[in-house]
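With this note's numbering as the guide, the letters of the sequence shown map in order to residues -10 to 224.
Hints may contain errors.
What the hints assert, rightly or not - Taking lysine-lysine pairs in the DSS-like style, the calculated list, with each CA pair at most 27 Å apart, reads: (1) Lys195 with Lys69; (2) Lys140 with Lys116; (3) Lys169 with Lys199; (4) Lys57 with Lys116; (5) Lys140 with Lys113; (6) Lys39 with Lys90; (7) Lys57 with Lys113; (8) Lys57 with Lys69.
No wet-lab data here; the hints were simulated from the structure.
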Amino acid sequence: MNRRENLKLLFTGSVGTGLLLAGCSPEEQAIPENALLAGGTIGGRTAEEKQRDQELLSETFFTEDERKKLSTLVDIIMPKDDESPAATEVGVVDFMEFMMKDQPGNQTRMRGGLMWLDFEADEKFGKSFNELSESEVITIVDEVAWPDSAKPEYEGGVRWFNMLRNLTCSGYFSTPEGWKYMGYVGNTPNAWDGVPQEVMDKHGVKLEEKYIPQYLKPEDRGTIIQWDDEGNIIG
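Between the sequences and the hints, there should be enough to build the whole structure, so can you do that?
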């Protein structure tokens, strides 16, 4: 598999869910009223949220053996290429560690899948997953990475790998490196170079020269434009 094949799987619907991990339990969905946090600022985090983050970060979920398995798998899902770093290089395993503590309802199936890797490795090659060669790892991954062609007996493994792939992409594309790979530049308000010339040509219109200097430039952000009584820009 390569990076683009994985993204195609993710976005064509074969994986089933979206980027964010889905499937919260009813208990997690029904947040009691007294658990709701208040006192924050728009776009910011409350003191309670920051405290909870620190508590989660102070705990450990994955063992070193499990982290090694995940490191192998996430770099298969999002490998390093000429454009971007590998998943492990941008902290995707650390992201998964946090998510397992933030959404504990997913801990059992995550750990179950990691245990299944050792079972499958022992069945096929007589050793643990972390002892496998690269080609042996791919043999196991290929059994569960392609939902449309997977054998019925691997249905559980497919669901688990789907979750793993979703988490990998969620973690990867929440980093600056992931944004750069997608070409995401964020909001760029108050900076406009006008209607593209090809659009103007298509509709047979031309911008009057007097309006060209009036385009709002980044250095003019915050300046409120003024109009006269006849609808003309002043200044």
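Hint by hint, here is what the structure shows:
1. Lys195 with Lys69: Violated, at roughly 46 Å.
2. Lys140 with Lys116: 23 Å, holds
3. Lys169 with Lys199: Violated. Lys169 to Lys199 sits at ~37 Å, over the 27 Å cutoff.
4. Lys57 with Lys116: 15 Å, holds
5. Lys140 with Lys113: Within the cut-off at roughly 16 Å; holds.
6. Lys39 with Lys90: This hinted pair holds, its Cα atoms lying about 15 Å apart.
7. Lys57 with Lys113: 20 Å, holds
8. Lys57 with Lys69: 17 Å, holds
The structure fails hints 1, 3 (numbered hints given earlier, in ascending order).
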